[in-house]
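Peer 1: Use these hints to put chain P with the ligand onto chain U, whose structure you have.
Protein chains in written order, with our numbering: chain U, -11 to 329; chain P, 8 to 327.
In short, the hints are calculated from the structure, not lab data.
All residues carry an ideal CB built from backbone N, CA and C; glycine is no exception.
Among the clues, some could well be false.
[Claimed, not checked] Now the in silico label distances, taken between C-beta atoms and shown as ranges:
hint, chain 1, residue 1, chain 2, residue 2, range
1, P, Gln308, U, Gly258, 23 to 33 angstroms
2, U, Pro130, P, Gly38, 38 to 48 angstroms
3, U, Pro203, P, Trp315, 54 to 64 angstroms
4, P, Arg188, U, Asp60, 51 to 61 angstroms
[What the hints assert, rightly or not] Computed list of chain P residues with no C-beta within reach of chain U, every gap over 10 angstroms:
hint, residue
5, Ser28
6, His207
7, Glu223
8, His232
[As the list claims (entries may be wrong)] No more than 16 angstroms apart at the CA atoms, straight line, and that leaves these computed lysine to aspartate or glutamate pairs for EDC-like:
hint, chain 1, residue 1, chain 2, residue 2
9, P, Lys135, U, Glu229
10, P, Lys31, P, Glu249
11, P, Lys25, P, Glu294
12, U, Lys45, U, Glu21
13, P, Lys324, U, Asp168
14, P, Lys25, P, Glu249
The lines below spell out each chain.
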Amino acid sequence: MDGGLASLFEAFDLNTAQSMSITYVDAILQAQETLLREDPRVFLYGQDISRFGGAFKATKGLAEAFPGRVLDSPISEDAMAGVAIGAAIEGMRPIVEMQFADFSSIAFNQLVNHAGTHFYRTGVPVPITIRLPSGGTPGSGPFHSQSMEAIYAHYPGLVVVTPATVSDAYHMLIQAVAHDDPVIYCEHKFLYRWLKSPSIQDDGLSLGQARITRPGKHATIVTYSAMVHEAVRAADRLQAESGWEIEVVDLRTVKPIDMDTVLASVARTGRLLALGEAFPWGGVTAEIVARVAGEGFHLLDAPPARLNSRDTPVPYHPNLWAAHRPTPETICLAMRELLSF
Amino acid sequence: MARKVFRAMLEARILEMKLSSLYKAGKIVGGVYLGKGQEAVSASLGAQLEMGRDFFAPLIRDQGGRTAFGEEVIDCARTYLGSVLGPMRGRDGNIHRGRPQQGMFAMISHLGAAVPVVAGALLAKRLKGELEGVVGATCIGDGATSTGAFHEGLNTAAVERLPLVVVVANNQFAYSTPNDRQFACADLLDRAKGYGVDGHDLDGTDFLQCLRVMSEAVGRARAGHGPQMVVARLLRLTGHGEHDDGSYVPDTLRAGHLGRDCMDVAAAQIVECGYATTAEIEAWREETGERVQAALAAAQQEPKPDPWTEVWQACSKPLI
Ligand SMILES: Cc1ncc(C[n+]2csc(CCOP(=O)(O)OP(=O)(O)O)c2C)c(N)n1
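If we strip away everything but chain U, and leave its shape as in the complex, we get (with noise of 0.2 angstroms):
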């Protein structure tokens, strides 16, 4: 394993204690049985999620637990979410879990011009949540790696979100199945058993509200899913080197964005860092700059920045997927740049 690599794991290990003992899957899990238990609207559909416990084991239990309401599949990601919006029309609140956001593109067709038009043309909204194991990880090569979140948001009439934590993983969740429109929820699969915590906490936040992460006053990073942990950790570099205080926001949701906190943020540090996992062109980062510049230009003491993903494919080898997504590293590197400006 080479440096950078390694560097990666490292910055989990500092959430492994052993006393700490939900991860952010058993969050999902839990979530899920939870909403089974309450909500009788509530049913699982998706791939291998039965009595196999899903390719993540994410409903592993629940089909003993509620027969009948965790059912399998075939390999058909666009009659999952056909089937899921014709059940949400008829009162029921299905939850789908795709086995990798990758294969959500076969059900492209279905959650944009489906249930993203729904409400809209008939004034019947569509509440189904759409499980999407997102984001890389080491050797999940093109097809097993994706970040979807962008390609869902750019359409109307979608919730996307986000969670970052083992406490949002579980919260959002319940709240994506409460609510009465169509929910993207991007789980990021790095996340899954790495991120840990000793309990689940609720501090009242709402879908379509961000968090001050780790409060800051030279520079703002504003990001989301897995890419929280790695702006904490730069954030914490910096500062440990040269002092500097680096806020970072936490947008849980990217659908709608919470521009409020983005900007109120802005307004403190002068200086925008928008980051994600996903692919560079458009998307979720470049909504903010564009949002930033237009609607708080004269917050900005700097050009905002962006980084994302590098324009390739996924990789699948371990040293070339370290240096394809954003790290720590990288992060340093732009920030030490927009705070030179």
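Peer 2: Quick look at chain P with the ligand alone, frame taken from chain U:
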């Protein structure tokens, strides 16, 4: 049943001919897509379904089915004419309309997409313990059987053994593309076997056969025999839309058996079997013509959507 289906066919034909005139007079913006020649197939399906209990996802050429299922003429008139009082309020037009809360889904353009959605509604009924005696039906063209959504949806319905009736109107062309550029199996009906569902062959120009086959297919679904696939052979007696003259359909086909107008066949059969007299049919024609005319005239007078007061909101509960 014969009388109900025939009256729905009549209403569909009269309504659609008037829509065509309005389109040609420049009164309708966008496209007009008609089901001329397909009324018997569509209406005989719609008449087997009960609004409020069953689900129906009509497609492009299903005015007959919509009417038989219970859609009001005014819903159609308002949607084509962009009235803000219609179910789509000017936000969508023409055939892209429905009342999902009454079990009639509003199609999206993407062909095949309704198949899994109807399956999902049926699955919901099963999960709620309310599936007994319920049927969901959808229609599709020969061309749309080539989509992934059609395959995924029908296969999924078959795996779950849901009471889904898929009616394929094989009008020999998908827009201009003939069957031999669309699929390579000898008969679309062969696919039913592959999906593990019951298949029903149907001469879509034959009114009495339509009544019999739809009754059987819907009845079998209702009785718990799983998905049913009906393949109707026919021809559309109009262009793909009213902008198209359909000149790619060979004259020999038009002159042959499939080129028969199901309305004429139905009228003859209905009189012959004693379901109605010629005089009754004429009276129906007159009454329907007046009703349709009144609906179209009313919809033309109604307010159109106003961009200034439009609620430009795609989500039901905005988070911010
Ligand atoms: C997925 C998709 N691709 C293309 C189109 C454009 N399109 C609309 S109708 C049509 C032909 C449909 O043919 P068929 O399914 O045989 O039905 P028919 O029009 O003959 O009733 C096409 C290609 C579409 N609506 N959806």
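Peer 1: Any hints from earlier that this structure breaks? Give me their numbers in increasing order, please.
Peer 2: 1, 3, 4, 9
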